[in-house]
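Trainee: Following the hints, complete the assembly by docking chain G onto the known chain B.
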Amino acid sequence: MSGVTSPPGVAPAPPGASAGARPRLTLTSLSRRRWFRRVVVWGALVLIYQLLAHLAGPLYLPGVWDVLVQVREVLADGAVMGDLGQALIHLCIGFGLAVVTGIAIGVVMGSSTMAEYVIGFFVRAMFVTSLVAVLPVLIILFGFGMTFRVATVYLFSVFFIILSTATGVREVDPQLMTMGWAFGAGRAKRAWAIGLPSSLPFIVSGMRNGLAQAFAGMILAELWVTRGFGLTLTSVAANRDLPRFFALLLIVTVLAAGLTALLKVVERRLMPWGNVSQGGPVR
Amino acid sequence: MSSSSPSPERHDPHVEIRDVSKWFQSRSRKGEQMTALDHVDLAIGATEFISVVGPSGCGKSTLLRLIDGLDAPDAGEVLVGGKPVTGPGLDRGVVFQHPHLLPWRSVERNVEFGLESQGVDRAQRKERASELLELVGLKKFASYYPGQLSGGMQQRVGLARALAVDPKMLLMDEPFAAVDAQTKLVLQEELEKIWLQSAKAVLFITHDIDEAIFLADRVIVMSPGPGRVIDEIVVPFPRPRDFALRGTPEFAALVHRVLEDLRGQADVLRGTQGKVADVQRATFA
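These protein sequences, in sequence, are chains B and G.
Quick note on numbering: the first sequence equals residues 17 to 299 in my numbering.
Quick note on numbering: the second sequence equals residues 162 to 446 in my numbering.
For reference, chain B alone in the conformation it holds in the complex:
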């Protein structure tokens, strides 16, 4: 029974955590740090951009500083932020609906060949269709209001979630299902206790992709009907107020990246077994 007493792969103490001589910060030791690499790469990119902006002139590319000043101004502008908040509400409703229905449809599609045969065709067809082409129809159906925008967000994100969930359900280890059967678990119990948890990584990854698409849908819907945040974008572009335009884009990008990162955190919380390869009891 050797090896039973000590948990496998106890994580080593982080460098520099123990008392004593701290390792000196040399360039090579720094270059191994993740934050340092990020700073270097991002710094370089900003620098290159600034250089290009300088070469192109403010009529074509705004300088970094001008954009940052505008970011502060936009953040202080109640009207724009209100529009953005409104857009985010549409996003949340549309994406929420997409998650709920997408997972449900995906589970059905993944677990029944018949359903896959019937629904799968439409889902795949819609997935490859340029959804922008559908927007005029949506406007006819729903008008210019909130329903239209929510519907656009929904359509942009739902297919990712459906297909990813269906794949996850299909990929469930059949041996685990046999185990469940052998241990007296009925169909429903097997789906709930084995199928769902094992397809969770697929579902969450579908949600992450879907969320990115939802943002695209949100902006696109408002650009089409030139209302709210979309109207701001259009008019700022028409005035050729490039620093402000870039500031608006930057804010949306940061928001999207932030929400996607949030999903990553949710993923880790939902699936703690995914990163347990190195030691330590659960809790």
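Among the clues, some could well be false.
Said to hold, decoys possible - Non-contacting residues of chain B with respect to chain G, defined by C-beta distances greater than 10 Å in every case (computed):
(1) 76
(2) 97
(3) 132
(4) 154
(5) 187
(6) 241
(7) 271
Unchecked claim - Each computed PhoX-like pair below joins lysine-lysine, with the alpha-carbon atoms no more than 25 Å apart:
(8) 287(G) <-> 354(G)
(9) 329(G) <-> 205(B)
(10) 287(G) <-> 205(B)
(11) 287(G) <-> 329(G)
Honestly, the hints are just simulated from the structure, not real lab data.
C-beta atoms are modelled at their ideal positions from N, C-alpha and C, and glycine is treated no differently.
Mentor: Frame of chain B, contents of chain G only:
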């Protein structure tokens, strides 16, 4: 094989396999059938430990699946506790070659899996799981995830899960085939100890001849193409069995007998048409 050979458990068998055959569609050649089991008879006593040895393709795993009800026989019948098997049930606990633990559940919650289907309440499940983890020596690891355990430890969890529902019978499909040699020895001795305490029937599938003889009351030797029982050996050694048993000439003689059974089959497989095998059959009959 001689189904009339005397064995005390024979009078009240827990499992009866009567003239069972099972066919499968050949994967390589469409439309052709492979005979996985060909007219197999076997009875297992209520507290008997049976090992089944044989090369891959001899139908030993099929036999186990039929007893568990994961498959149905094409001919003949399989009775457990006097009733025909219609599907899996918690009166039979299965231990698979790979433990098939649920990676998202803690060790303890994996052991509880079968109990959930039995409708045992939470507190009792927890208590029962902790008893069994104690039994298999993993009490300290109750809250670990399977991914954090070694292969041998995972296999113990699989055993604990099968024992948790207190089945009348254990069905073990090459459970120690994937663990290292040292761990295997420990697990074998622990299995015997647990079995001696629990009075259950065990069907233990393996391709390790030493293991089969060391553990079993009776060893069933099977041959492939079609799957048949070619020999049945009563293992007379007293229990609990000790590691030293493996070094005795009596043990070696049994190992030799199984080897010769299997070698005879190998000759048949090579196409030398079993002259040697016949001679051996005559010698050992």
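Trainee: Hint by hint, which ones does the structure fall short of?
Mentor: none
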